[in-house]
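**Student:** Each chain, letter by letter, is given below.
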Amino acid sequence: MDLFTKVCSTWLAIIAILAVVGPFLPLPDPREADFAAPGVKPFSPGHLLGTDSNGYDLLSNVVNGTRVSLMISLVSVLVGGLIGSSIGIISAYVRGRFDGIVSTLFNIILSIPNLVLGLSLVAVLATSPDPSIPVSSNRRIFVIMLSLTFVIIPILGRIARGATLAWVNREFVVAARSMGMRDKDIIFKHIVPNVLPAIYSVGFLAIGVVIVAEGSLSLLGVGVVDGVSWGAMIARVAGEFTYLPHSMYVPVTVLALSVIACNQVGDHLRSRLDLREGKI
Amino acid sequence: MTALLSIKDLVVRFRTPRGLLEAVRGVNLDIPAGASVGIVGESGSGKTVMSRAAMGLLSGSNVERSGSVMFDGHELSSLDSVQVREYFGTGMAMIFQDPMTALNPVRRIGTQISEGLRVRLGMSKKDAMKRSAELLAKVRIPDPEAVLRKFPYQLSGGMRQRVMIATAIACNPKLLFADEPTTALDVTVQAQILNLLADLRKDLGMSMVLVTHDLGVVANNTDFVAVMYAGEIVEMAPTTELFANMKMPYTEALLKSIPKIDAPTEKRLPVIEGRLPNPTDRPDGCGFASRCSYAQDKCRQDRPELEDAGNGHLYRCWYPLGSTIARKSS
Amino acid sequence: MLRQLGQAVVVVIGSTLFLSLLLRLLPVGLAEIYAGGFDEASRAARLKELRLDKDPVTFYLLWLRDFVAGDFGPIVSPGGGTTPVADKVGSALPISLQLMFYVQVVALVVSVPLGIYTAYRSGKRSDKAISYGLFTASSIPNFVFGLLLAVFFGVTLAWLPPLGYVSPGENLVEHFRTMILPVASLAIPLIATYTRLLRADVIATLREDYVTMAVSKGLSNKRILFSHVLRPSSVTLFTSFALNMGALMGGTLVIEQLFTIPGLGSEIGIAIFSRQFFALQSYVAILAVGFVLFNTLADIAVGFVDPRTRERRRA
Chain A
8 MDLFTKVCST WLAIIAILAV VGPFLPLPDP READFAAPGV KPFSPGHLLG TDSNGYDLLS
68 NVVNGTRVSL MISLVSVLVG GLIGSSIGII SAYVRGRFDG IVSTLFNIIL SIPNLVLGLS
128 LVAVLATSPD PSIPVSSNRR IFVIMLSLTF VIIPILGRIA RGATLAWVNR EFVVAARSMG
188 MRDKDIIFKH IVPNVLPAIY SVGFLAIGVV IVAEGSLSLL GVGVVDGVSW GAMIARVAGE
248 FTYLPHSMYV PVTVLALSVI ACNQVGDHLR SRLDLREGKI
Chain B
665 MTALLSIKDL VVRFRTPRGL LEAVRGVNLD IPAGASVGIV GESGSGKTVM SRAAMGLLSG
725 SNVERSGSVM FDGHELSSLD SVQVREYFGT GMAMIFQDPM TALNPVRRIG TQISEGLRVR
785 LGMSKKDAMK RSAELLAKVR IPDPEAVLRK FPYQLSGGMR QRVMIATAIA CNPKLLFADE
845 PTTALDVTVQ AQILNLLADL RKDLGMSMVL VTHDLGVVAN NTDFVAVMYA GEIVEMAPTT
905 ELFANMKMPY TEALLKSIPK IDAPTEKRLP VIEGRLPNPT DRPDGCGFAS RCSYAQDKCR
965 QDRPELEDAG NGHLYRCWYP LGSTIARKSS
Chain C
18 MLRQLGQAVV VVIGSTLFLS LLLRLLPVGL AEIYAGGFDE ASRAARLKEL RLDKDPVTFY
78 LLWLRDFVAG DFGPIVSPGG GTTPVADKVG SALPISLQLM FYVQVVALVV SVPLGIYTAY
138 RSGKRSDKAI SYGLFTASSI PNFVFGLLLA VFFGVTLAWL PPLGYVSPGE NLVEHFRTMI
198 LPVASLAIPL IATYTRLLRA DVIATLREDY VTMAVSKGLS NKRILFSHVL RPSSVTLFTS
258 FALNMGALMG GTLVIEQLFT IPGLGSEIGI AIFSRQFFAL QSYVAILAVG FVLFNTLADI
318 AVGFVDPRTR ERRRA
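Here the protein sequences line up with chains A, B and C, keeping their order. Taking this note's numbering, I'd label the letters of the first sequence as residues 8 to 287. Taking this note's numbering, I'd label the letters of the second sequence as residues 665 to 994. Taking this note's numbering, I'd label the letters of the third sequence as residues 18 to 332.
For the record, the hints were derived by calculation from the structure and aren't laboratory data.
Covered by chain B, per the in silico footprint, the following chain C stretches (three or more residues, Cβ under 8 Å):
1. 220-227
2. 235-242
Some residues of chain C that are not near chain A, with every Cβ distance over 12 Å (derived):
3. 60
4. 69
5. 86
6. 92
7. 257
No residue lacks a Cβ here, since even glycine has one placed at the ideal position from N, Cα and C.
Construct all of the structure, not just a fragment, from the sequences and the given hints.
**Tutor:** Below, the structure is given as structure tokens:
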């Protein structure tokens, strides 16, 4: 692992830890506005990274927001990846009409551009009957996770299917079958270990994508609207950053660094996989 | 008479993460005009690297090359990879081992053959295509007009190899490097290709350097043979002289390892035990010592120099075949 | 080719059906949303007008029939009555298409030479520096570029207008000036992606035996590049171009709202905010159809460039 990859992995570890211990750190409440200090710059007393125009502490919001943003990303990719990969692997193993149907279904969902699909799902599922009563924050988070999981399923499903197709015709699988091994065992002992590296390298890239998606959805107005997340932060300060740029730099930097880190780790895993396969 | 191609003290080294890799260490070889020279060696002996380095096809930031290569009176080793191309096509040409990968899969045969004619000889597209069809006929491909429009994947292995030969000789080169031209082909097709090369040679007055691991291939198709091992020439002689008076235990072992059709079927195929020495860390002494059935202590300590046995026969061994020690140990 | 078009049609019908069912099977009924405030008497009439009295499948089929005829459904006014979505599409779609077209053109124009340049100089310092820069650029989300560019060039330096849109018909110069920042925000990550892709492809192609053979024929580097290297290397670029249309559509959603450009992306935002789900369905369907069309065209183009794929498909 070269230095850059090491740095990126460390960063990911840091934000993972922050996600867990965030609420226990001695930081001001992210939802409590400090009316005495609106729009102060970083390194002001009591506000290490400053506040936005409403007085919300930026450091606290970013640290606490990590929990929600990471949770959304990890859950979507893990659950979506699990479901998608399982379907993809089984589909490629079984072949025949089942595979044809699954493949077409994946293509159908994939034919709607990712963000557009996510946006539609969230918009539709997070609507409240009465426009004056907004949907609760937790419900929104749940809906966002559900929608993004749904978007991820065919993405990782197609990767898993493609990777499985490459392996399922190899001789050692045919040999295993001829020895009387059961399909279930063949899949778990032979196919999955070979397909897994491809899946989790794309998985890391997907985490980065979902983090950005959460930010985009918030900017579009359907994200975690009044909650504490990176996307919510960016959406809140989007209007005022022309005169208060630091309020935007904070969440944007953290988000961008996290996405870069995810991409680098995913890339690194993919090149390790290529080496294994004998490509250079 | 001066040789067409004269290689002196050619050394080729690669800078790798694992150290400096010596692929060719000091090769001297003269190729006369119109002659056919065989270069024989196992994989890793340096024969391919040497032929590519001699022609000037070896490029890369990690390549170190020294020594002199004179072609037709011109010194090539001082030219960079772009300048040396003046001699390609019309002076020197190469055919490669695998015709499937050496032909561009997304371009038609006709385009690939006529390219050299148009760029090197300045022919018009129409003339070049006509000449390409003639070349295809010359390499004995049936229905040349139709083949011009085909793609490589539509032809059989033997046909693709003939196409590659046609492409290489298109501009009438004086010297043809043939790098394992038959290795990727069926045995039945091998003989056809070798015969074709021999006929073309006579027809065009071309010299040929035939690089192969198979002694059988050089037996009937070369004027003299150089045997390479671990980056250097260990035996060199006119072909008939080599087979009649083999001096190197290595050459003998190579010959013995060719399967014979009339050998008893229960006996194991003779092989040369062991492997080539690590090219980044060669041991002292003779490189073949660890695998040689006649090896003595001297072999493992001192590196033998090239000796002349007369008759144009050179060898590099302390105890060549026919000397007293060898006879005792065999 | 016929088979690919057939596939495309299946996919389009599948995705539009999915959207339609999604709307109808909402947790909160559309009936509630659009007819909730009506009294008993006019409610039934309202539902009939919006076709919400029909079952989901019939609803979809009727929608499909109208969609292919160019009728994109109603914008529901809360008090009663409707206005056609098609009007909005007519004014907004061309603007979004302009944006996407500019982005792809700029991205290709920059990334093709850059990709080839870095491939030929691979391993050298210039290549390494550029590669790191590209990697960072491809990881930064487009809205970050949008925000940063808008602040820097639109406010701090005030060279370009940070918001708004001027159509080419009104004022060509202003049109381009308003488009520069949004196009740049979307193009920079795309340039990074394309360049890295092309670079990897060209490096791989340069290692092929047939390139060595071409050198041995005495051809110049320039000739080898155009005659032997570009064609095989461009295959993945075609496919990526088409796939990135999807990401681009998502990107225009955000960028249009950020820079207040009245394209389809902004209309989608408005539709969501004002709960116009019929309009939303049609907008998304348009995007899906466009995406599938692009990918099908790209598939066909790949077949032309690489004859082996053509053969494989026929088999």
